[in-house]
Amino acid sequence: MGMTITEKILASASGRERVSPGENIWVSADILMTHDVCGPGTIGVFKREFGEKAKVWDSEGVVIIPDHYIFTADEKCHRNVDALRTFVKEQKLPYFYDPGTSSYSGVCHVTLPEKGHCRPGEVLFGTDSHTCTHGALGEFATGIGNTDAGFVMGTGKLLIKVPPTIKFIIDGKLPKGVTAKDIILRIIGDIGVDGATYCAMEFAGTTIEGLSVEERMTICNMAIEAGGKNGIIAPDEKTIEYVKSKTSKPFKCFHSDPDAQYLTVRRYKAEEFVPVVALPFSPDNVKSARESSQVKIDRSYIGSCTGGKITDFIFAAELLKGRKVTVDTFLVPSTVEVEQAMKEIKVDGKTLVEIFAEAGCLDPAPPSCAACLGGPVDTFGRCNNGEVCVSTTNRNFPGRMGSKDSQTILASPYTAAASAITGHITDPREFLK
Amino acid sequence: MADNIIRGKVFITGDNIDTDQIIPAQYLNLVPTIKEEYKKLGSYALCGLPDEYSTRYIAEGKTRTEYPIIIGGSNFGCGSSREHAPISLGAAGCKAVIAKSFARIFFRNCIATGEVYPVETPEDLNKMLKTGDEVEINFNARTVKVMSSGKVYNTNDLGAVKEVIDAGGIFSFARNSGMIK
Numbered sequence: 001m002g003m004t005i006t007e008k009i010l011a012s013a014s015g016r017e018r019v020s021p022g023e024n025i026w027v028s029a030d031i032l033m034t035h036d037v038c039g040p041g042t043i044g045v046f047k048r049e050f051g052e053k054a055k056v057w058d059s060e061g062v063v064i065i066p067d068h069y070i071f072t073a074d075e076k077c078h079r080n081v082d083a084l085r086t087f088v089k090e091q092k093l094p095y096f097y098d099p100g101t102s103s104y105s106g107v108c109h110v111t112l113p114e115k116g117h118c119r120p121g122e123v124l125f126g127t128d129s130h131t132c133t134h135g136a137l138g139e140f141a142t143g144i145g146n147t148d149a150g151f152v153m154g155t156g157k158l159l160i161k162v163p164p165t166i167k168f169i170i171d172g173k174l175p176k177g178v179t180a181k182d183i184i185l186r187i188i189g190d191i192g193v194d195g196a197t198y199c200a201m202e203f204a205g206t207t208i209e210g211l212s213v214e215e216r217m218t219i220c221n222m223a224i225e226a227g228g229k230n231g232i233i234a235p236d237e238k239t240i241e242y243v244k245s246k247t248s249k250p251f252k253c254f255h256s257d258p259d260a261q262y263l264t265v266r267r268y269k270a271e272e273f274v275p276v277v278a279l280p281f282s283p284d285n286v287k288s289a290r291e292s293s294q295v296k297i298d299r300s301y302i303g304s305c306t307g308g309k310i311t312d313f314i315f316a317a318e319l320l321k322g323r324k325v326t327v328d329t330f331l332v333p334s335t336v337e338v339e340q341a342m343k344e345i346k347v348d349g350k351t352l353v354e355i356f357a358e359a360g361c362l363d364p365a366p367p368s369c370a371a372c373l374g375g376p377v378d379t380f381g382r383c384n385n386g387e388v389c390v391s392t393t394n395r396n397f398p399g400r401m402g403s404k405d406s407q408t409i410l411a412s413p414y415t416a417a418a419s420a421i422t423g424h425i426t427d428p429r430e431f432l433k
Numbered sequence: 434m435a436d437n438i439i440r441g442k443v444f445i446t447g448d449n450i451d452t453d454q455i456i457p458a459q460y461l462n463l464v465p466t467i468k469e470e471y472k473k474l475g476s477y478a479l480c481g482l483p484d485e486y487s488t489r490y491i492a493e494g495k496t497r498t499e500y501p502i503i504i505g506g507s508n509f510g511c512g513s514s515r516e517h518a519p520i521s522l523g524a525a526g527c528k529a530v531i532a533k534s535f536a537r538i539f540f541r542n543c544i545a546t547g548e549v550y551p552v553e554t555p556e557d558l559n560k561m562l563k564t565g566d567e568v569e570i571n572f573n574a575r576t577v578k579v580m581s582s583g584k585v586y587n588t589n590d591l592g593a594v595k596e597v598i599d600a601g602g603i604f605s606f607a608r609n610s611g612m613i614k
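Just so you know, the sequences run in chain order Y and G. Numbering of the first sequence is given in the numbering used here, commencing with residue 1 and proceeding in unit increments. Numbering of the second sequence is given in the numbering used here, commencing with residue 434 and proceeding in unit increments.
Looking at chain G on its own, in the form it has when it is part of the complex (with noise of 0.2 Å):
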């Protein structure tokens, strides 16, 4: 990531995104670690959202979207522990899920897999911002900052699992700290 920023437009979202509606389960026939199917995957990222979603976050006909960031409010990613979840997001062009609060599976395989960084907010971005609004997230600066006013938002601490992150993952964590070869 160029320094420490992912920039784009948002894909705004409500509370309790489960992981049915980020990726419904008749797909998960696909196993993520085929390359065709990983980005297949990717393809059908939340087409699970309800109808009133006027606005898809896979354009008809596309197989990727042009939101690299989704906004949740609380509690992104709850039900199962599906890695088809983040895996789908991130085959997608998604980079990063910023919410209040996550699942904590889903945070989890986020990390685990690399696929999209989670972003906690203390405030509830999904209800000031609205679908196509650019944002840039500083991971340095810890902050969200919206383009068209220029209003910054700051972001949580990650704490321990920064770590995990910055290494690349729990296998290179482990390896990086002598846990495996």
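So that you can see chain Y by itself, here it is in the shape it has in the complex (with noise of 0.2 Å):
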């Protein structure tokens, strides 16, 4: 019997021939990542079981990359990312993206992929449940808690239980208008925020071929949105390509087998999806964009882990491009790379800056997290108040992006430019034709 690229992943770190759902096993970790919300507490459960002067298990195996409370004047978060900074010096830990220095990047999951700390058939855990992003590229990559991340910390190892496997098969040529986020917001609303839960999330298909890396990554980072374990995508050539050009580590491929099994499978063809919408409070609460157009809008959100990346400004910028927005547009790259490239790359001979600024959005933020996940009061883009903000983040449980009274609806950069335009939810395909 044949096994899964998650299942066979999964042998080769904890060393055996092969492994099954359901059992649990030591795996070894390749990279382990954290940032400044669970790395202090993540260090604290370190030294308090292997002691104050206790070393890594691999110095070059932490990544630790402060995104979440950056621009803010709150000074615990200061006090934080400097915890961050004394643990680093103390461990000589070559990867830490500092703020404040030429080294900072930004959001840890666009981070990781893009400063080579992702590879094919490697197992990543991070101290976030959106580290489920880099299944895109080929490997097992999970979130954990800070007690478990204390433990890989110090010993670069994990007990975990095997997860079975769902694969959604996608096929044919994505309709102008449609991403992969709306790809996976049907995909969450067709199985529901616990449709998924404990296993690994497949995906495969000549759409999924199709698609660029970036927005593979937006497809596997919302795998935890319906519970899932891990997403993952097997590597090709584009990955490799990928891959290849940020670091010079080597790597191991692997795929599932024709005879691997599956706990279900799922298929979909590329040419009945449509730009849709997650309605509050809920990522599962999908409806179609253009039957939830009677849903006026007060702000639009581009930005996070899932909708900050070089690829979902250029989708904003199509849009944007020559039209007016009538409501607040915030706009957050996710790294200092995304920043850069907004200000180099053009759409019909202007950069996405010029067409963002023409169309009258905030002038962009920093990158960080910033206001995906509320945080400090005084975080760009918070909505502080009842705002109702269209935002191409992963979540709208309630106060998600800040005050209990705020409402969060999800979608694609398409649709969220769209509807900064009309100030209600907006099918964007009434302006791409």
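In short, the hints are calculated from the structure, not lab data. Don't take each hint at face value.
[Unchecked claim] List of simulated lysine-lysine pairs, DSBU-like, C-alpha gap at most 35 Å:
| hint | chain 1 | residue 1 | chain 2 | residue 2 |
| --- | --- | --- | --- | --- |
| 1 | Y | Lys-167 | Y | Lys-244 |
| 2 | Y | Lys-55 | G | Lys-560 |
| 3 | Y | Lys-343 | Y | Lys-76 |
| 4 | Y | Lys-161 | G | Lys-528 |
| 5 | Y | Lys-92 | G | Lys-468 |
| 6 | Y | Lys-404 | G | Lys-614 |
| 7 | Y | Lys-53 | G | Lys-595 |
| 8 | G | Lys-473 | Y | Lys-47 |
[What the hints assert, rightly or not] So the derived label-pair ranges between C-beta atoms look like this:
| hint | chain 1 | residue 1 | chain 2 | residue 2 | range |
| --- | --- | --- | --- | --- | --- |
| 9 | G | Asn-589 | Y | Asp-171 | 52 to 60 Å |
| 10 | Y | Asp-171 | G | Arg-497 | 31 to 39 Å |
| 11 | G | Lys-473 | Y | Ser-248 | 44 to 52 Å |
| 12 | Y | Lys-55 | G | Asp-590 | 37 to 45 Å |
| 13 | G | Arg-608 | Y | Lys-55 | 16 to 24 Å |
| 14 | Y | Asp-378 | G | Arg-497 | 27 to 35 Å |
| 15 | Y | Asp-58 | G | Gly-565 | 49 to 57 Å |
| 16 | Y | Ser-245 | G | Thr-496 | 50 to 58 Å |
| 17 | G | Arg-608 | Y | Lys-269 | 51 to 59 Å |
| 18 | G | Gly-611 | Y | Lys-287 | 50 to 58 Å |
[Unchecked claim] The following residues of chain Y were derived to be distant from chain G, with all beta-carbon distances above 10 Å:
| hint | residue |
| --- | --- |
| 19 | Asn-80 |
| 20 | Ala-83 |
| 21 | Asp-148 |
| 22 | Phe-251 |
| 23 | Leu-362 |
Here a beta-carbon is modelled for each residue, glycine too, at the ideal position from N, C-alpha and C.
Two chains, each in its own frame: build the complex with the hints.
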């Protein structure tokens, strides 16, 4: 009997010939990522359990990316980044993307692949639920808590249960105006926010093969919104080219066997997808953008690990070029690299920043997680009152972007941009003729 | 835990109680391994629940709860991997969360930290009980008993993870098995 790509990676990382869903196994980690919100607590657990003078299992394996609460006056947030600085110095960690220095990058899940820390076939643990993003590069990546992360930090290992896999096969050509975000929102709408609890979500088919690596990341990013343990896409030429452009470290590509066992297989035709939104207050409250056109919005937000990559801003610019927004439109590039690219990449002869400025968007904020998860009250773009915000982010539970009175509507960058123009939820195909 | 029993008043919540409702992100500047901040996290437990919850988990002016048992529906603890979530509940005085199902990372974090026991039941107990009812969870008998009516509900088997809980979390489990010193 064959194995899935997830099972093959976990077998390899546990030194076994094969593993089966439900088995509890010790796996070796290649990378442990942590950030400013969970890093200090993880370090606290590590020191409590292994001693003040303990050394991390592999200094090259620990990647520290402050990104959540960077541009705030909150003193505890600054203290937390200082705690990371002290630890990095003490442990001589080479991979630290320090705010306020030239090494600062921004959102961890976009930084990890950009800086070459994501490689096919590896195991990546991160103290953030959206760590599942990195399965887009053909690796096993999942989010863990501080205590587990403290354990990994000291041992390089973690006890995990092998997940069964649900396979999503999507074939065909996506219609104009439909993006990876629409695919994953539709799937979450179909299976529900606990439809893949404890499961691996494997995405395959010609549509997935046709997506860029960044768009694949958008899909895997939201596996957790269906309860998934990891999202994963088999590596192909695009993956290999992308990874080789970021790192010279060797890696191994795994693929699911034709006779691999799946919990279920769901098939979709790309032509059937339409621009969708997830209305408050759950990512599975999915409706087509067209049938939601009566929903008025107060602001539009383009940013985060799932919706603030350069491809996301290119989508938004295609739509906003030569048009004006009628609501406050917040732009938060995920990383410094994305921020720079927005000044260089052109659509019809104009840079993205020029297009956004002419459309009347607020000036882009410096890269960070910003208001995706609310954050301290002085966070850029945070919903502090009863705002209704259409957003390219990934969650819309009550209070997600700040105040409990606010409402978040999840959408693709196209839909967020189209809605910014009209002031209500708008199918982007009305503009993308 | 005396005789493998937890007894106390329940606080009823709904389906999909996510980590932002358990501990809103603005309080994630608090570090759980710092003692005073651990306590502070407890005082904010479940403060992200919408205002429709007329009874608050932590009464105004208090830092700890009078409800040691929380009952949710499906997918309790979905959302973020923040360990602040089970920790804030534990720090508030919660001993166990009963739910039809748990989100994976929250469940795992409960076990890894030992802060609260995650108890799954085949039935939606949040639809059968009301806030303030008293119940008794018996881990040996794998039951939840409603004190006023005497009605008994079964809980699901914890499976292989019970070994980790019984050991007292992942560090003790690994030490017992010789994985680490």
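Results of checking the hints against the structure:
no. : hint                              : result
1   : Y:Lys-167 / Y:Lys-244             : holds (27 Å)
2   : Y:Lys-55 / G:Lys-560              : violated (49 Å)
3   : Y:Lys-343 / Y:Lys-76              : holds (33 Å)
4   : Y:Lys-161 / G:Lys-528             : holds (25 Å)
5   : Y:Lys-92 / G:Lys-468              : holds (27 Å)
6   : Y:Lys-404 / G:Lys-614             : violated (46 Å)
7   : Y:Lys-53 / G:Lys-595              : holds (32 Å)
8   : G:Lys-473 / Y:Lys-47              : holds (22 Å)
9   : G:Asn-589 / Y:Asp-171: 52 to 60 Å : violated (38 Å)
10  : Y:Asp-171 / G:Arg-497: 31 to 39 Å : violated (55 Å)
11  : G:Lys-473 / Y:Ser-248: 44 to 52 Å : holds (46 Å)
12  : Y:Lys-55 / G:Asp-590: 37 to 45 Å  : holds (40 Å)
13  : G:Arg-608 / Y:Lys-55: 16 to 24 Å  : holds (19 Å)
14  : Y:Asp-378 / G:Arg-497: 27 to 35 Å : holds (29 Å)
15  : Y:Asp-58 / G:Gly-565: 49 to 57 Å  : holds (51 Å)
16  : Y:Ser-245 / G:Thr-496: 50 to 58 Å : holds (52 Å)
17  : G:Arg-608 / Y:Lys-269: 51 to 59 Å : holds (53 Å)
18  : G:Gly-611 / Y:Lys-287: 50 to 58 Å : holds (54 Å)
19  : Asn-80                            : violated (7 Å)
20  : Ala-83                            : violated (8 Å)
21  : Asp-148                           : violated (5 Å)
22  : Phe-251                           : holds (25 Å)
23  : Leu-362                           : holds (22 Å)
In summary, the numbered hints that this structure violates are 2, 6, 9, 10, 19, 20 and 21.
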